[in-house]
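S.K.: Now for the letters of each chain:
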Amino acid sequence: MAQVTLRKVVKAYEGDVQAVKGIDLDIADHEFVVLVGPSGCGKSTTLRMIAGLEEITSGEIAIGGEVVNDVPPRDRDIAMVFQNYALYPHMSVFDNMAFGLKLRHFDKAEIKRRVDEAARILDIVPLLARKPKALSGGQRQRVAMGRAIVRNPKVFLFDEPLSNLDAKLRVQMRTEIKKVHQTVRTTTIYVTHDQVEAMTLADRVVVMNHGVIEQVGPPQELYHCPATRFVAGFIGSPGMNFIPARLENGAGALRLHLPGDIVLPVPADRTGRYGAHAGRPVLLGLRPEHLTESRNTDRPNVAPFPATPEVVEPMGMETLVHFRIDGAEICGRIDPAVPAEPGRPLPMAADLNHMHLIETESGRVL
Amino acid sequence: MSATTAGAAPAPRRSGSLARERRWALIGAYVALAVFVVFFMLPPFHMLITSLKGSAEIADQTGNPWMVRSPTLENYRDLLTAGNYLTFFWNSVMVTACVVVISMVVSTLAAFALARMRFWGSQTLATGVFLTYLVPETLLFIPLFQIVGSLGLINNVWAMVLIYPTLTVPFCTWIMIGYFASIPKELDEAALIDGASHLQMLWKIFIPVALPGILAAMIFAFTVSWAAFIYPMAYLVSTDQMVLTVGIVSDLIRADTFQWGKIMAGALMAALPPLLVYAFLMDYYIAGLTAGATKG
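Keeping their order, the protein sequence lines are chains L and C.
Just so it is clear: in the first sequence, position 72 is 72 by the numbering used here, and no numbers are missing.
Every position in the second sequence, counted from 1, becomes a number in the numbering used here once 1000 is added.
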């Protein structure tokens, strides 16, 4: 097991297209780190550079303190689980899992012991004699994980391993992956475009966009204290609402002027933080759970405002309402017991204790 | 009510018309296949009939040529006990076995390199390999005569082992490039991470997974080598060096005397090995071994 360090790592392709633009990242021993971001953000390229499947253009990658820039994949002591499983179709499940150990000349008894143990952890003991074509998607993914586990490598690399599974199986396998990590404690780097996977699995989430790291932090930190508009919008489902606003200073208090003549008071404890931006256009960021039906408005910093839902989505435990504030599409979460109908005015309330203000030009959260 | 019923258009019987269409399609397929089978099976049937006739019966113009009056295995017995037929057969087996082995080794390695080990010019090289196959042997045999002559291999059956791969290797390589390219890239990446060298990857992953393609290439190399005619005709002179294709026509046709019975028996026996090869390898050839490699 080992820590992984990336220093100013760049990956450029022909024509000077940079997929990864000089990223720095420190991953601690035993840590479960998830690289998340939209397609083309450079997350898979970063993982493949750590695996040694892509050469790095410049910078330095170290695994366990040893720089591995020029070390071939087989000597990096890593194991990788691929999106499409990449099982050897002509080999049984046992042989698939044993392949790496056989190539490393482990003795037969040790190979059997390790394969049996991994099969037990992953609950695939009855499948050991089968060929991959006789397995379901979820079983194939377990075998792919088993192939990684038996090697007992320094680092596990997962490249969108759940993307090919259906929604229900994905949730189940997500839990399995977390359990496996809690059992074996191997340093894990996991790539996904699904922020729910990132939030549920990671000790720390690395949000990437356009080849750079936008923010690194524990899931809750990213959710509650995003550093940029991109992170604020990417993490959370449904995403954060962004409403164009102007910050005004009047009578010693800051106020947000929203389109449609809605004026919201800025909490007093944020005055110092936002004061310098008075008079400037900003984006107000509010998560749907902080835009609810009008209740508890006597609580400090909860401001009522009028809304007329255009779409109502009952989810069971909550109801999502979609409305507009001067063209901006807004989503709120209301109690399912509250009657809400499209087109009928519904008094809403914004909990400004959880507001974010975003600088319009830089996209930086203030 | 009744007026409404009478006025309504009858509902189209879609399932009935589909079944009728399917029946006609099947009848059409059977008729076409029957014509095809009759057309292509008539010559071998005529060969079989003729091979079972004695010389006198073949020469007799009065009888029905599609019937045997007094069947005999004399032609087969003569070929297998006297003359040079067994020498030709053995030469063909030896040359074909060597050519298949050489072709498979060279083209598997070449295809693996061209399909998987991206290097500068690999695409152009792959196209170049195929282009060499497009030059017909009828153009090549004259310049090749010079080369074979300079090597001192004229009238030497081993010259065929040297020459036939020029026909088989480009095409086999091309077939296998296609098969190797269809193997998911993640499979070799998984093998690389598992600790395989490129040769181990080829031997333990690519060859077993691409077996249908390799067998297709092997069948092609076998057929080309077994049936080659122009090169042995041009370069082999003495009977002890000849292969079946030229041996039969040189040994069994003397001036204007055609030993039709033996020629047909010899040709039929010569067709047996390809038949056996096809019969045994077809199942493997058709089997899709890549099923289950990735999400399916």
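Be careful, since some hints might not be right.
List time: in silico BS3-like cross-link candidates among lysine-lysine, alpha-carbon distance up to 30 Å [said to hold, decoys possible]:
#1 L/112 - L/21
#2 L/131 - C/1204
#3 L/133 - L/178
#4 L/108 - L/154
#5 L/154 - L/179
#6 L/131 - L/108
#7 L/154 - C/1185
#8 L/112 - L/133
#9 C/1204 - L/21
#10 L/168 - L/179
#11 L/178 - L/168
#12 C/1204 - L/168
#13 C/1204 - L/108
#14 C/1185 - L/21
#15 L/179 - L/102
#16 C/1185 - L/112
#17 L/154 - L/102
#18 L/133 - L/168
#19 L/154 - L/178
#20 L/8 - L/154
#21 L/168 - L/108
#22 L/154 - L/131
#23 L/8 - L/21
#24 L/179 - L/108
#25 L/154 - C/1204
#26 L/179 - L/133
#27 L/131 - C/1185
#28 L/8 - C/1185
#29 L/133 - L/102
#30 L/154 - L/21
#31 L/112 - L/102
#32 L/168 - L/102
#33 L/102 - C/1204
#34 L/102 - L/131
#35 L/133 - L/108
#36 L/133 - C/1204
#37 L/131 - L/179
#38 C/1185 - L/178
#39 L/102 - C/1185
#40 L/8 - C/1204
These aren't lab readings, by the way, just hints derived from the structure by calculation.
S.K.: Check whether the Cα positions of residue 133 of chain L and residue 102 of chain L lie no farther apart than 30 Å.
M.R.: OK: residue 133 of chain L and residue 102 of chain L at ~22 Å, within 30 Å.
S.K.: Would the hint linking residue 1185 of chain C and residue 112 of chain L be met if the CA-CA limit is 30 Å?
M.R.: Holds, because 28 Å separates the two Cα atoms, which is no more than 30 Å.
S.K.: Measure nothing beyond the straight line between the CA atoms of residue 131 of chain L and residue 1204 of chain C; if it is 30 Å or shorter, mark the hint as holding.
M.R.: With a Cα-Cα distance of about 16 Å, the restraint between residue 131 of chain L and residue 1204 of chain C holds, given a limit of 30 Å.
S.K.: Check the hint pairing residue 154 of chain L with residue 178 of chain L against an upper bound of 30 Å on the C-alpha distance.
M.R.: Status holds; Cα separation ~17 Å.
S.K.: Taking 30 Å as the top limit, are the C-alpha atoms of residue 168 of chain L and residue 179 of chain L close enough?
M.R.: With a Cα-Cα distance of about 17 Å, the restraint between residue 168 of chain L and residue 179 of chain L holds, given a limit of 30 Å.
S.K.: With the threshold set at 30 Å, check whether the alpha-carbon distance from residue 102 of chain L to residue 131 of chain L stays at or below it.
M.R.: Within the cut-off at roughly 18 Å; holds.
S.K.: Would you mind confirming whether the straight-line C-alpha gap from residue 1204 of chain C to residue 168 of chain L stays at or under 30 Å?
M.R.: Violated: residue 1204 of chain C and residue 168 of chain L sit about 35 Å apart, past 30 Å.
S.K.: Compare the distance between the alpha carbons of residue 154 of chain L and residue 102 of chain L with 30 Å, and conclude whether the hinted pair is satisfied.
M.R.: Holds: residue 154 of chain L and residue 102 of chain L sit about 18 Å apart, inside 30 Å.
S.K.: CA of residue 178 of chain L to CA of residue 168 of chain L, is that 30 Å or under?
M.R.: Holds: residue 178 of chain L and residue 168 of chain L sit about 16 Å apart, inside 30 Å.
S.K.: For the pair supplied as a hint, residue 133 of chain L and residue 1204 of chain C, confirm whether the alpha-carbon distance does not exceed 30 Å.
M.R.: holds (18 Å)
S.K.: For the pair we were handed, residue 131 of chain L and residue 108 of chain L, check the Cα-Cα distance against 30 Å.
M.R.: Since the Cα atoms of residue 131 of chain L and residue 108 of chain L sit roughly 20 Å apart, the hinted pair holds (cutoff 30 Å).
S.K.: Would the hint linking residue 168 of chain L and residue 102 of chain L be met if the CA-CA limit is 30 Å?
M.R.: Given pair residue 168 of chain L, residue 102 of chain L is violated - Cα atoms ~35 Å apart, limit 30 Å.
Checked against the numbered hints given earlier, the structure breaks hints 1, 9, 12, 21, 32, 40 and satisfies all the rest.
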